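Order-wise, the sequence lines are chains Y, G, R and F.
With the working numbering, the residue at position 104 of the first sequence is 208, and numbering never jumps.
With the working numbering, the residue at position 208 of the second sequence is 312, and numbering never jumps.
With the working numbering, the residue at position 584 of the third sequence is 611, and numbering never jumps.
With the working numbering, the residue at position 436 of the fourth sequence is 463, and numbering never jumps.
No lab work stands behind these hints: they were computed from the structure.
Note that this is a predicted model, so its numbers are computed, not measured.
From the three backbone atoms N, C-alpha and C, an ideal C-beta is built for every residue, glycine too.
Among the hints, a few may not be true.
[To be verified] Derived EDC-like pairs (lysine to aspartate or glutamate); straight-line CA-CA distance at most 20 Å:
#	chain 1	residue 1	chain 2	residue 2
1	Y	112	F	116
2	R	85	F	116
3	R	493	R	476
4	G	112	F	116
[As the list claims (entries may be wrong)] Not the full set, but computed from the structure, chain F residues with beta-carbon under 7 Å of chain Y:
#	residue
5	86
6	266
7	271
8	293
9	493
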Amino acid sequence: MTLTFKPKAPIWCAGCGHFGVHTALTHALKAAHVPAHEALIIAGIGCSGSIQNNLNAYGYHALHGRVLPTATGAALANPNLLVIGAGGDGDGYAIGGGHLLHSFKRNPSLVYIVMNNGVYGLTKGQNSPTAGAALTNGEAPLDAVQLGLSVSGSTFIARGFVGWWDQLAALIREGIQHARAHCGFAFIEAISPCVTYNDSYPEWDGKLADISQDKAYDPADRVQAMSRVMRLSEQGKLAVGKILHTTGSTLDQRHNVNAQRAPALQGVLPANNVSTYEAIARDHLV
Amino acid sequence: MTLTFKPKAPIWCAGCGHFGVHTALTHALKAAHVPAHEALIIAGIGCSGSIQNNLNAYGYHALHGRVLPTATGAALANPNLLVIGAGGDGDGYAIGGGHLLHSFKRNPSLVYIVMNNGVYGLTKGQNSPTAGAALTNGEAPLDAVQLGLSVSGSTFIARGFVGWWDQLAALIREGIQHARAHCGFAFIEAISPCVTYNDSYPEWDGKLADISQDKAYDPADRVQAMSRVMRLSEQGKLAVGKILHTTGSTLDQRHNVNAQRAPALQGVLPANNVSTYEAIARDHLV
Amino acid sequence: MDDGMMMASQPQIMDSLCVAVAGQGGDGSLTLVTLIARALADYGYHIYESRNVASRIKGGHAAAFLRAGVDPVPAQGHDLDLLIAFDVEAIEILGPRVVENGVIIFDSSSEPCPMGGLKAGVEIVDVPFGRYAVRELRRDLYKNSLGYAVTCAILGLKGDLVRAKMREVYSRLPANVIAANLAAMETGFQVAGNFGYRGGRSRWQPRTLNPTPKHHMTGNEALAFGFLAAGGRFFAGYPITPATDIMEWLEKYLPDLGGVVIQAEDELASINMALGAAMTGARTMTASSGPGIALMTEGISQAGSAELPVVIVNCQRAGPSTGMPTKPEQSDIGLMTQGANGDFPRVVLCPATPGECFEAGRLATDIAEIAQIPVFVALDQVVAQDKATFTLPHMGSLTINRGKRLAGTKGPGGPDYRRYQLTDDGISPWTIPGTPEGMSLVTGNERNEWGHVDTGPDNRRRMMDKRARKLETISAMLPTAVNWGDASSEIGIIGVGMERGVMRDLTSLLAKQNKSAAFHSPRTLWPVLPETLEFIAGKSRVFVIEHNQEGQLFRLLGGALASRSHMTNITRYDGRAFSPEDLFRRLHEEGADL
Amino acid sequence: MDDGMMMASQPQIMDSLCVAVAGQGGDGSLTLVTLIARALADYGYHIYESRNVASRIKGGHAAAFLRAGVDPVPAQGHDLDLLIAFDVEAIEILGPRVVENGVIIFDSSSEPCPMGGLKAGVEIVDVPFGRYAVRELRRDLYKNSLGYAVTCAILGLKGDLVRAKMREVYSRLPANVIAANLAAMETGFQVAGNFGYRGGRSRWQPRTLNPTPKHHMTGNEALAFGFLAAGGRFFAGYPITPATDIMEWLEKYLPDLGGVVIQAEDELASINMALGAAMTGARTMTASSGPGIALMTEGISQAGSAELPVVIVNCQRAGPSTGMPTKPEQSDIGLMTQGANGDFPRVVLCPATPGECFEAGRLATDIAEIAQIPVFVALDQVVAQDKATFTLPHMGSLTINRGKRLAGTKGPGGPDYRRYQLTDDGISPWTIPGTPEGMSLVTGNERNEWGHVDTGPDNRRRMMDKRARKLETISAMLPTAVNWGDASSEIGIIGVGMERGVMRDLTSLLAKQNKSAAFHSPRTLWPVLPETLEFIAGKSRVFVIEHNQEGQLFRLLGGALASRSHMTNITRYDGRAFSPEDLFRRLHEEGADL
Ligand SMILES: Cc1ncc(C[n+]2csc(CCOP(=O)(O)OP(=O)(O)O)c2C)c(N)n1
Ligand SMILES: Cc1ncc(C[n+]2csc(CCOP(=O)(O)OP(=O)(O)O)c2C)c(N)n1
Ligand code: SF4
Ligand code: SF4
Ligand SMILES: [Mg+2]
Ligand SMILES: [Mg+2]
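Could you build the full structure based on these sequences and the hints that come with them?
Listed below in structure tokens is the structure:
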């Protein structure tokens with residue numbers, strides 16, 4: 105057997121929420137039976153952005169904020185891969201906010217996990233877009249779940265909490281299945297407290313509302329999902345669970361990309377394409 | 105009287121929707137009694153991004169996609185100005201999408217008008233994020249109104265149609281009043297067809313739903329506004345009118361910026377600040 | 028108008044011809060030039076087309092140019108034989124460039140043609156286009172069809188051929204539109220006839236040359252084709268003048284080959300999508316112009332650090348910032364060669380003709396993958412958008428080189444696989460995600476051979492040195508300069524991109540005076556090749572011609588150790604190309620003994 | 028342990044002292060160094076502090092250094108007199124740097140101190156920190172307080188002073204935490220006593236120097252203060268190592284002065300917020316490091332084109348791309364001097380000490396507004412984050428120069444007001460939005476004097492030339508180099524930023540051997556000043572010392588016409604600073620006759 109890199113132990117502070125995400129993701133990959141070499145983890149920059157070093161899979165450390173375009177390029181070029189983007193809330197919602205918007209809209213078949221701790225961990229504690237109003241002198245925090253619901257192309261939106269470990273793993277597993285079945289973009293936010301700069305563990309218990317408990321809740325109904333999440337938010341609560349799960353046009357479909365037809369999977373030797381190239385050349389004769 | 109630059113005649117194609125925005129904005133500025141020298145128009149790059157050349161006001165031609173950060177910087181530095189951002193849908197929703205998100209969240213007291221024609225006019229007809237699914241092979245268009253509603257910090261969201269000229273002017277006027285009263289971010293999308301590359305005039309009449317006609321509609325209720333807009337969208341309709349009008353923490357408040365206290369309004373001569381500077385220096389003695 | 032007057036002399040044998048069509052943006056001058064070009068190409072002429080437009084959709088002075096010749100045409104000429112002017116502004120701007128005894132076809136619908144500034148003997152053919160076209164919906168097209176016939180009659184082109192060409196060019200339009208335009212063309216023949224151009228009487232007489240079929244492409248198109256032919260299958264871009272054509276061309280051809288063209292939400296997304304695709308092993312490109320390239324620099328540095336192959340095309344336009352979007356410049360040389368954070372190996376190619384653009388697209392794709400680095404292709408608006416006839420290489424003869432890419436599904440062979448293995452040539456064998464047991468960590472941080480972060484000083488030095496060695500390894504692949512003229516001349520003239528053509532024309536201009544110089548036109552901008560330093564060292568006087576203000580190429584050569592005591596910089600930055608006469612004058616002003 | 032053994036010799040008079048505190052990130056080494064520094068400063072010592080940390084929050088080798096001297100300290104030294112090591116890794120990495128007869132205080136809680144690689148006579152003071160601190164909540168702090176007392180006892184500092192300093196430094200902590208740490212300190216004194224350091228017996232004896240109060244700031248802090256003191260009132264930024272401190276410092280002080288510090292969503296927003304604020308007339312700055320500066324280049328080009336004053340600080344770290352975020356480098360020289368689209372005038376200052384950083388912050392703000400251009404201040408991680416004692420200028424003596432800014436509410440005076448008026452010095456008088464009758468169009472496109480788009484070639488040339496003239500106009504304001512050493516030496520040594528300090532130390536090292544050289548340390552990187560070219564021309568051998576791989580400064584000087592046949596480049600890019608000994612060796616290897 106060839107020896108490739110060995111995953112390292114995480115370097116997070118003891119108690120960091122990101123450990124929980126790491127464990128949940130490891131379990132979800134196993135539960136979804138993803139062979140190690142078919143998974144490509146594309147991580148952001150931040151404390152969260154070292155998770156790829158700790159997993160048995162292909163890993164890429166993207167630029168700060170560019171997890172999603174990178175992941176989109178990779179997933180479109182080779183749809184046989186399971187591409188999993190993973191990063192922080194600063195990475196994904198501040199510098200990467202525009203790409204998130206367009207990923208919900210484009211609906212590429214990949215998974216994106218955001219580790220939300222309300223803070224920039226690696227740069228030592230500045231507010232992230234999800235920092236609570238108490239920290240921001242009254243600025244309302246961003247709710248990426250609402251944002252995702254507002255973009256009509258989105259198909260899978262969930263939120264978990266590292267404290268509720270098994271639910272988080274299950275949500276990630278479902279997201280993986282969504283992406284692997286080429287149903288589109290699976291967005292999962294993990295509430296993952298930063299014990300060093302924004303220790304919010306104590307707050308969450310009372311604040312999280314697990315929507316999956318409600319048997320009547322229908323994740324296929326976007327409008328109701330939105331009302332529910334918004335009403336909860338008015339009550340100071342954050343919805344957790346599988347919030348949206350529906351179907352829609354995917355980026356891969358629109359580009360006609362699949363296991364046979366994809367950029368990384370073509371025989372690109374000129375010799376195999378001479379007649380096509382000659383036809384193109386003829387188009388430009390005068 | 106000093107002679108400054110003379111506004112030029114617009115250079116748009118005959119029939120371009122942007123003429124309608126120009127007229128509506130001119131009237132709104134007059135109706136809101138804004139002195140010419142107190143208005144600063146910050147335009148994007150695109151056909152839409154030449155509107156500042158045609159108005160009697162201070163004008164700035166920003167970088168493509170950077171209308172909002174520029175406008176935020178200007179409005180925060182001098183709150184006595186009425187800062188009006190104006191640009192295209194490519195400028196504002198594609199390359200500028202992340203800034204739009206954060207402007208809804210930050211709620212700076214300024215006006216932002218997006219001329220939505222579903223197309224990149226100046227670069228000759230590529231799809232913009234609002235291009236209809238028929239043009240994009242099934243990708244759902246972005247609805248910036250829904251997006252804005254999903255960000256809980258937003259305070260003023262409206263949509264008009266250049267074909268309904270007087271309503272558009274009235275919406276812009278209200279937006280101007282919102283910003284001038286330092287109530288926050290006034291977002292107005294103007295449906296403004298591009299006759300050359302995406303002549304959608306014929307479509308709009310049947311597609312627009314004027315929400316202001318409904319006397320029971322309450323623009324202060326975000327959740328209801330969202331449901332209404334989403335339901336209309338499911339029916340293939342686009343809501344027009346004043347969709348959200350509420351109050352919230354503004355960026356200027358949080359930074360304690362006002363007519364007396366603002367970066368551009370300070371006496372910055374060192375002589376006026378010697379004692380403060382000395383105190384700071386003392387903080388760093390060992 | 029005395030219809031016999033201009034016909035007194037014999038028609039002139041057409042060895043070369045310069046035509047301009049000008050009016051307001053949206054008048055469709057480009058279409059008319061295309062029609063004439065296609066007709067002339069049928070006679071076997073070499074063609075060169077260019078344009079000068081404003082950054083707006085309708086209105087503003089807009090001109091299209093055509094130069095035809097029995098020999099390949101290196102650049103747009105300055106002097107005009109024939110001007111088709113749709114308004115007075117067109118006469119004011121271009122009239123003075125019409126040669127003695129040249130012809131102006133003028134749209135006299137609203138005003139008479141102003142005669143001031145015109146040279147002696149210029150014939151004015153007055154055509155009230157508006158009067159004829161007033162009832163037509165597609166007025167521009169109609170005007171062009173009319174003008175086409177008038178022009179072809181004056182040029183002495185065969186009516187049948189002229190008619191056939193129009194049918195061919197308009198073939199995809201609706202039948203009623205074609206019919207209307209064919210009618211307009213016939214009206215045009217009548218108008219020409221009224222001026223005496225009928226029954227075979229004309230001002231020019233075309234040669235019938237060897238009609239070998241030629242390809243006719245812009246630099247952008249040829250570059251895109253070269254990329255595609257090298258197995259390029261992924262393109263991510265964002266519209267921007269003058270680079271958009273590349274995306275549009277690829278959108279037309281790439282999907283059929285299992286490729287993808289994606290319009291990103293901005294340039295940050297384009298470059299990072301490209302990096303993501305590159306990681307999967309797809310051959311990948313993006314393209315933009317100055318403002319977009321500036322946005323991409325962080326991503327380009329990431330490609331350099333993470334060792335990802337990507338081709339970045341920069342169709343340079345006049346800066347700074349938004350500048351003059353439709354005007355040519357070469358003012359991103361500093362940006363491309365040195366504009367990113369940190370040190371990393373990169374290559375900047377600078378083709379000058381459509382044929383070289385094809386080759387650069389092909390070669391850049393190979394070099395990027397072989398060395399696992401970002402490779403720029405630097406065009407300027409002239410090279411990018413001017414359109415010329417040339418011959419593409421034989422498609423059956425093309426090859427590609429995938430460097431140290433390991434076989435698809437097999438493990439990398441050795442007992443262990445290190446993505447960033449230290450090697451003598453600086454290049455690590457690599458395998459793509461999906462390969463069993465090929466797992467790797469790819470990162471923009473400093474790391475050890477396995478891809479794990481490692482900032483230890485020894486590791487750092489080794490990794491930096493490894494990456495730097497790549498340039499040496501691929502040095503033999505870098506395209507060398509085109510040299511011509513009198514190699515023994517004491518005077519050397521250097522220029523890249525759009526300067527190539529005018530340097531060629533200057534050669535002819537000098538030859539007429541029995542003069543010469545040594546010309547050197549690099550095709551690799553970075554690294555600066557030894558041949559250029561040797562060329563400079565071998566002359567007693569060297570002139571560096573370039574389109575920017577600061578002398579960015581001049582500075583680059585100096586930074587690369589060229590001694591510059593005998594070097595002179597000739598710059599231009601007004602958004603206009605040099606004509607050979609301009610260049611000759613500037614060289615003289617700088618004391619060139621020519 | 029024989030408690031009399033080490034005390035046999037007389038305590039050494041402390042003229043200079045190098046201390047390191049090292050352990051895992053989060054151990055709080057920085058706090059301990061701060062405490063010691065404050066105590067030594069009270070004796071009148073000059074202090075220099077630096078750090079070496081990994082890019083992670085907890086864990087990873089992390090070290091803090093302190094060098095104290097009776098004279099100002101130019102840089103962190105290499106040799107250590109005293110090492111406080113919290114783990115074995117710290118000994119392995121730093122132990123070999125402890126001088127003969129130096130002292131190591133070692134945390135022996137889990138392992139004994141490894142002795143391999145240590146120099147002769149090094150004394151090990153074994154302190155099982157863990158045993159003492161185990162019950163404490165704030166374990167790190169507790170360890171530091173303990174270590175502080177042990178160290179101070181060994182250094183021979185007066186107990187009262189030592190105690191008072193801790194109270195002072197911890198004054199803002201809760202009372203119970205203070206009490207616990209005071210107790211830890213007393214424990215520390217006991218531990219030291221066990222090793223014989225009690226009753227006035229110590230290894231060193233501090234001098235009592237003229238205790239003039241000194242300011243103690245990092246380059247980042249001093250730079251931020253300079254900006255603020257120059258009337259800087261708007262800062263937009265985005266966190267990034269090692270630039271974040273600037274934002275954090277300004278957040279503390281700017282709001283009280285009616286200023287604003289805004290944390291943007293990314294660097295594109297920061298630079299464009301800065302441009303928006305600059306347009307209103309607020310004096311404006313942003314700061315970042317390589318990756319963020321790369322993202323800002325489009326905006327910087329816009330500042331150049333639209334003629335907006337803005338200061339951009341680049342705290343350079345090791346690239347390429349994410350590289351090594353906490354390590355110093357000078358590898359964005361190309362990016363800052365040439366990395367943006369198009370040609371535009373810009374200035375790059377490069378201060379080397381906190382005092383110069385203050386002045387650079389002040390001056391950059393003035394120059395930006397006077398010339399209406401973007402002005403970079405280039406730091407490297409060492410200059411940015413090392414902390415030294417110096418004396419700030421007298422605040423009452425500061426002045427600012429607003430250039431051609433027209434009076435607030437008055438019209439611009441003349442019969443007409445053109446934002447981009449063509450002037451001999453290239454600078455157009457300007458007025459800010461809100462001024463009645465001062466309306467203007469500001470744009471990044473080429474335009475006429477009024478601000479309307481105009482791409483005509485004559486207008487273009489005039490506008491480009493006008494903008495280019497600005498650099499000439501402000502040339503007298505640009506800070507000149509610091510020169511020292513033997514001006515008549517045939518050997519010249521050039522370096523900027525972090526190289527300054529080591530060049531100073533090298534001077535002393537050479538002096539000990541009765542040798543010398545001419546040292547030249549520019550404080551303006553761009554434009555390259557004539558003084559530097561003259562310095563180079565006047566020497567027979569010139570060495571350019573810099574922290575990057577490609578020799579970016581060397582290339583810059585060559586590009587600026589310096590003849591380089593007698594120039595040698597000495598580069599380093601392993602993330603570590605030179606020590607004077609390193610530099611001496613490298614110079615020798617390159618054949619420097621020193
Ligand atoms: C372009 C750029 N800007 C800034 C940074 C500095 N930076 C590194 S991590 C980070 C934020 C991390 O916060 P988040 O994404 O929330 O991750 P966390 O550390 O909280 O897990 C920033 C701003 C960078 N690396 N690149
Ligand atoms: C960084 C950058 N990328 C691309 C461009 C090219 N560009 C100019 S206008 C434009 C899009 C215009 O579309 P929109 O904003 O919708 O305005 P419209 O013309 O439709 O009014 C683009 C992509 C640019 N100027 N700068
Ligand atoms: S700083 Fe916060 S986010 Fe980072 S590793 Fe520590 S606990 Fe986790
Ligand atoms: S191209 Fe479209 S958007 Fe641009 S001016 Fe013409 S009609 Fe308006
Ligand atoms: Mg975070
Ligand atoms: Mg548009």
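Hint-by-hint comparison with the structure:
1. For the hint linking residue 112 (chain Y) to residue 116 (chain F), the alpha-carbon distance of about 19 Å falls within 20 Å, and the restraint holds.
2. In summary, the hint linking residue 85 (chain R) to residue 116 (chain F) is not supported, as the alpha carbons are separated by about 70 Å, beyond the 20 Å threshold.
3. Of the pairs offered as hints, the one joining residue 493 (chain R) and residue 476 (chain R) holds, with about 11 Å between alpha carbons and a cut-off of 20 Å not exceeded.
4. Of the pairs offered as hints, the one joining residue 112 (chain G) and residue 116 (chain F) is violated, with about 71 Å between alpha carbons and a cut-off of 20 Å exceeded.
5. The beta carbon of residue 86 (chain F) is positioned within 7 Å of a beta carbon in chain Y (closest approach about 6 Å), and the interface hint is therefore held.
6. The closest approach between the C-beta of residue 266 (chain F) and any C-beta of chain Y is roughly 4 Å, which is under the 7 Å cut-off, so the hint is satisfied.
7. Because the closest C-beta pair between residue 271 (chain F) and chain Y is about 6 Å apart, less than 7 Å, the hint holds.
8. With a cut of 7 Å, the hint placing residue 293 (chain F) at the interface with chain Y holds, because the nearest CB-to-CB distance is about 4 Å.
9. Of the supplied interface hints, the one on residue 493 (chain F) is violated, with its beta-carbon coming no nearer than about 36 Å to a beta-carbon of chain Y, more than 7 Å.
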